[in-house]
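Engineer: Here the protein sequences come in this chain order: A and B. Residues 3 to 336 (my numbering) are what the first sequence spells out, left to right. Residues 3 to 336 (my numbering) are what the second sequence spells out, left to right.
The list treats identical chains as one, so a pair stands whether inside a single copy or across any two.
Below, computed lysine-lysine pairings styled on DSBU-like, alpha-carbon distance capped at 35 Å:
1) K278 x K17
2) K95 x K117
3) K17 x K46
Keep in mind that the hints were calculated from the coordinates and are not lab data.
Number of protein chains: 2
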Amino acid sequence: MHVLVTGAAGMVGRKLVERLARDGSCAGRPISRLTLTDIVAPAKPSGFAGPVATRTEDFADAATAAELAGTRPDLIFHLAAIISGEAERDFDKGYRINLDGTRNLLEAIRQESAKNNSSHGAYVPRLVFSSSSGIFGAPYPAVIPDEFHATPLTSYGAQKAIGELLLADYSRRGLVDGVGIRFPSIVVRPGKPNASAGGFFSGIIREPLQGLEAMLPVGDDLVFTHASPRSAVGFLIHAAGLTREALGPRINLTMPGVFCSVGEQIAALRRVAGDKAVKLIRRAPDKAVTDIVSGWPTGFEAKRALALGFKAEQDFDEIIRVHIEDDLGGRLPN
Amino acid sequence: MHVLVTGAAGMVGRKLVERLARDGSCAGRPISRLTLTDIVAPAKPSGFAGPVATRTEDFADAATAAELAGTRPDLIFHLAAIISGEAERDFDKGYRINLDGTRNLLEAIRQESAKNNSSHGAYVPRLVFSSSSGIFGAPYPAVIPDEFHATPLTSYGAQKAIGELLLADYSRRGLVDGVGIRFPSIVVRPGKPNASAGGFFSGIIREPLQGLEAMLPVGDDLVFTHASPRSAVGFLIHAAGLTREALGPRINLTMPGVFCSVGEQIAALRRVAGDKAVKLIRRAPDKAVTDIVSGWPTGFEAKRALALGFKAEQDFDEIIRVHIEDDLGGRLPN
Chain A
3 MHVLVTGAAG MVGRKLVERL ARDGSCAGRP ISRLTLTDIV APAKPSGFAG PVATRTEDFA
63 DAATAAELAG TRPDLIFHLA AIISGEAERD FDKGYRINLD GTRNLLEAIR QESAKNNSSH
123 GAYVPRLVFS SSSGIFGAPY PAVIPDEFHA TPLTSYGAQK AIGELLLADY SRRGLVDGVG
183 IRFPSIVVRP GKPNASAGGF FSGIIREPLQ GLEAMLPVGD DLVFTHASPR SAVGFLIHAA
243 GLTREALGPR INLTMPGVFC SVGEQIAALR RVAGDKAVKL IRRAPDKAVT DIVSGWPTGF
303 EAKRALALGF KAEQDFDEII RVHIEDDLGG RLPN
Chain B
3 MHVLVTGAAG MVGRKLVERL ARDGSCAGRP ISRLTLTDIV APAKPSGFAG PVATRTEDFA
63 DAATAAELAG TRPDLIFHLA AIISGEAERD FDKGYRINLD GTRNLLEAIR QESAKNNSSH
123 GAYVPRLVFS SSSGIFGAPY PAVIPDEFHA TPLTSYGAQK AIGELLLADY SRRGLVDGVG
183 IRFPSIVVRP GKPNASAGGF FSGIIREPLQ GLEAMLPVGD DLVFTHASPR SAVGFLIHAA
243 GLTREALGPR INLTMPGVFC SVGEQIAALR RVAGDKAVKL IRRAPDKAVT DIVSGWPTGF
303 EAKRALALGF KAEQDFDEII RVHIEDDLGG RLPN
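Next up, chain A with everything else stripped away, as it sits in the complex (with noise of 0.2 Å):
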């Protein structure tokens, strides 16, 4: 099976890549191949016996989607997008990659199933589409059930909206086999402090672990939805493989996760990792991060999700444990 990952030099999407070249296989079948495109040059994953493409470019142009449709991957992890605060900041890119980009990869798809001949037949790919809570906006119920509205507030969550419908409906038409994926809040995240408003949900974890301080801008009984990244690669994998028939027509998924308390994570790092850790956390409060982290969904029922054996973390310290062993190699630096 030809695999291709777009966004794949992304944190989610490099994640996705090892355990690809790690297994061997995703969805019951053997890889055969990776095709690996980003805009910046994604790495090849140590470990894969096949041959391995890396393409840096913008996937969202439609000659180059039209090339990589020509390559006919049998599944496809779309997760090249523009995040939510550079599409709020650029209009017109977020709209380009989020929307077109998604666009155009789906027309591609069609346009290479239509030349369907004696010696191509037709191409209908299974598609695993990231998607995100983003497309819900305030105000909401403390937990979303599924069937809640998406009224997006930022142009990243319009966007990712709206590629859910074209991939909803090119699927309905069997013009491709899609299934989107609606992540949580992925933590913790590895890597260096960034300035992303919810950047403090993994930066309260991961720079005390390390011995670091870490500001907490908001207060503890903020609650919120975590799922690790392994986790949301287990989404991405586990998306690959459900049938048609489980899914049925609403292939957009709410994914489950650990819903707590910024005081609960704060408590799950004292029992992981003591309160010397704890007490690298230094509260200060920031009211402009309080109002934008506020209007954020909390929870989520997931029932159709969790239905379909898709699974987050139990509770936050496995969050974190899962952190300490996929990035910090196993055990807590001292």
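Fit chain B to the known structure of chain A by using the hints.
Structural biologist: Relative to chain A, chain B alone:
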């Protein structure tokens, strides 16, 4: 005030234009000028004092959209669309008109506003967008709440749902002042019977009122939500006058209607036009039609629309009387 109507030659478009011409004002402001566009020549309304420009063109063309925005209408009723059946048969045409057309119009408004200079200020018109209950897809509860998700099962529904998301995002950014109106079933449609699956909802009233037979392909217990063409026009005009504050960020609204069964429609016909009319309804059960129509949403809570002052008829008797007044010259034939 300069008012632009796209889709001005359609059934609702014609009635809207007649009403605007008759009222001479909309949303409390006098209408100084009308621009009417459609793919077939729109009729000039009688009794309007100001200039009326009628244009026969494909509004979805980006250059045409730019030209329309260049005339800087203060109020735009965007009704132009490829209808459900045609959008389903012709994938490319449906997406080109219903998605690209709406997006081109929004983008043309944004670009026109960006010309903001000494002679032209920023340009942010009120844009009333005709959406549809077709954004919903089965299964749904008998009465759909305002916060129910959009999972369309037609390309038309997907295109309208995408139009809503674009309209909301452009409005959130202050690029346009949008309101989306999700129409219920609009009956009694004047004119000849058509081949649409739901055509009988109008047919079983319209034909008997004219002494003609009408086929009823479904059972008497089938429930549905209807409003008259006059109410459809009323929804559009009421939407034009809503304040931004009253609307808030959720600008796409499900309209109210008369929730009743086919049996209640027939009972209303009996009250209005007697047994003679009812006897012209011939029951001809059709499983294919029943299957299609049974997949459509039956009722809508429409709480927000009602709170914002949108009004439909009180009962089906009133819908029939409106048809007689507006389309049959106020009296039953013979």
